[in-house]
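> One-letter residues, chain by chain:
There are 2 protein chains.
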Amino acid sequence: MFSKNFLKKISSREKVSKTFLEKQLNLARIVIPANKCRDMSSPVAIGEGLKVKINTNIGLSTQKTNLNSEIKKMREAVRCGTHTVMDLSVSPNYRKLLKEILALSPVPVGTVPVYEVAIEAEKRRENFDKITFDDIYQALKRQAEAGVDFFTIHAGILKKSVQNLIKKKRVGGIVSRGGALLAHWMYINKKENPLYANFEVILELAKKYNITISLGDALRPGAIADSTDSHQIDELKVLGELVQRCRKNNVQVMVEGPGHIRLDEIPANMALEKKICHRAPFYILGPLTIDCAPGYDHIVSAVGGTVAAFYGADFLCVVTPAEHLRHPSLEDITNGVIASRIAAHSVDVLRFKDEWQKNLSISKFRARRDWRGMFNLAVDPKKAKRYRKDMSSADKICSMCGKFCSLKITEKCHFLK
Amino acid sequence: MFSKNFLKKISSREKVSKTFLEKQLNLARIVIPANKCRDMSSPVAIGEGLKVKINTNIGLSTQKTNLNSEIKKMREAVRCGTHTVMDLSVSPNYRKLLKEILALSPVPVGTVPVYEVAIEAEKRRENFDKITFDDIYQALKRQAEAGVDFFTIHAGILKKSVQNLIKKKRVGGIVSRGGALLAHWMYINKKENPLYANFEVILELAKKYNITISLGDALRPGAIADSTDSHQIDELKVLGELVQRCRKNNVQVMVEGPGHIRLDEIPANMALEKKICHRAPFYILGPLTIDCAPGYDHIVSAVGGTVAAFYGADFLCVVTPAEHLRHPSLEDITNGVIASRIAAHSVDVLRFKDEWQKNLSISKFRARRDWRGMFNLAVDPKKAKRYRKDMSSADKICSMCGKFCSLKITEKCHFLK
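Heads up: the protein sequence lines correspond to chains A and B, in order. Counted from 1, the first sequence has number 218 at position 218 by my numbering; the numbering is strictly sequential. Counted from 1, the second sequence has number 394 at position 394 by my numbering; the numbering is strictly sequential.
With the rest of the complex left out, here is chain A (with noise of 0.2 angstroms):
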């Protein structure tokens, strides 16, 4: 599937042997993203035994059409540390921007290839209930050819789970759009999801482009009062057996997964991926514990982005301040990519020897009040700089505590290794 060349720099750029890359790669515990008609500078590994990897989405809606502000967001999500991007588009525009994306984006790029089939239904002024499978086919074919690395696919929702849902209701209902996209056909049409019906239609097209299968996961709990609920469970029995009509089909598949979760049943829901999907890899929105920090969705989602890693999520999906609220902004998009870094970071440190050797460098030079030496090692470094301003990088105090620094007032006991 992939030259040795390509192998090595991945296992050089994860610091894991080729063997272990190509263990993983063979069990299909590990995909790499790659759409074989697109170049990258930097592609990368996902799942287990590897770090923590973390993606950001980006794209235009139907309120916020402006290209560029797109393609800097996607700049900075770079900057920032992501190792892959979404552009989950739902604007009539969107034809071009992904177009700029794949050219411009260092690192895989990931779609929702309904989105397409929804706004050129629009576009024709068509309800999206009266497309075919015909009209998806031909959007994930013309993403295939343009170089879209993965795809999330919501063929885990069934005809089924929508009367599922009518009998036993939510709080939050569904709160994907592909996944609302496509229970709202089911519920006029009563027809079987066209995704899970013309599933190894799909797996061809897949394997022609090696493109990496997402399973989306339609039915996520959208409030931490349906966490782990049946839909969630049931859907995710599905997406198990799709895993394993992936991997016979030689397609690189992972699995979504929640949203929202309760603080204490995030280990079980990790537990329950890696069981039911055969230990495909864990990629995640979130998980948020909490449902009542609108403005703050980052660091609820840190918090649980680190408990779930922990326990054996591969992939973060970057969740923003803006969350529930608007369309990010590019400040939105900092701080978003940052807080899933460092849920990613307080995992990884315990794994790899260099993640730990660079957080201890950091503490070195804090202790030195080395300021530079901290810049350059810091997660974001611009926003350290920035805080310091005030103070110059030769001054060996900062305006916390000015001459009653700790550090400076032992400086001479004889403490510090």
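It should be emphasised that the hints constitute simulated quantities derived from the structure, not laboratory data. The structure presented is a predicted model; accordingly, all values stated were derived computationally and were not measured. Incorrect hints may appear among the rest.
Heads up, the list lumps identical chains together, so a pair's fine if it works in one copy or across two of them.
Stated by the list, open to error - The list that follows gives simulated cross-link-like pairs (lysine to aspartate or glutamate, EDC-like), each with its CA atoms no further than 20 angstroms apart:
1) LYS99 to GLU145
2) LYS96 to GLU120
3) LYS160 to ASP39
4) LYS385 to GLU331
5) LYS383 to GLU331
6) LYS99 to GLU48
7) LYS274 to ASP370
8) LYS403 to GLU122
9) LYS141 to ASP395
10) LYS408 to GLU76
Using the hints provided, position chain B relative to the given structure of chain A.
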């Protein structure tokens, strides 16, 4: 120690029975910091079986000496939901600020009285190493009379701790200001810690004014490389002994804790304190799980604080984005307090019906896109409203998904509870 009416007020605020509150108080597993000389509108109980509490540090530094800014910060911290404030001023005009804070704060006020001793020595152009216990006692007495509700007393760092630190060096050394002053005093004078040597005298004073002793952890690690090291544990053992001495003298006591803890060592740290310190309330700073996020340490602290609270921490000290960089701004205080509230709420929601109910309500408003309902229950209504400023509260969508809002798409599908 407390009137029946006062305990009734506390038990109703805490949503626990008066019997439970009294039992915990008798077992000294909770404290209610409230100086006999001071009245306050929002007293609070801290400890086992109660909601997780939050403290915010304010105070003048040698570089930042504006009184009004600090009063504004106190008010903002209270608006954001802090349960106590500590005035940690180390500036010559500290006395005026403390007087104002004690007059204006609706919540308990704590201090580190040794700072006053250090500032007064500085005013006399005298070295801190020249001070005697009598100087310390004068400061304690003045602050007790002024109405301070809890004192941080760094009595756990001993003469031998200083020798141990020189023998077995650390990456982060000492990061406690009070601890550093006392360590240097012992390093120079080769005598025992005056706070430890005269602990009974301090207890007499504390008892007289009903001041809660918060046993400071002078040897808390200042880098995760030092997490759970022998210096930290040795001091914890001394604090455990001091807890018993406080209890024998009918003085309320809590124990302060790290600081910086590896994520995987947080559960053990909580269990150790509860064991070694005889289930005294645990008051922690952070903890931070990584060292490389200056500018975002409030997020790191929310991560560590959540896990710590889940495993038994009772009281979280706010860490602001300015930590390790500068004296915090008003905005830093907002972000810090909210981050700690997220940590506390992530745990409280699992343990207290009213917190669960509140969280459930906001989810229901969200599913119905009732913005006003959401704002009223948000952890920071001000920021949530600001983020919605380009949309009217009547709009049933946000600028993220626009017309492709999953909740709008499935509005008529009868999925919602």
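> Are any of the numbered hints broken by this structure? If so, which, sorted upward?
3, 6, 7, 9, 10
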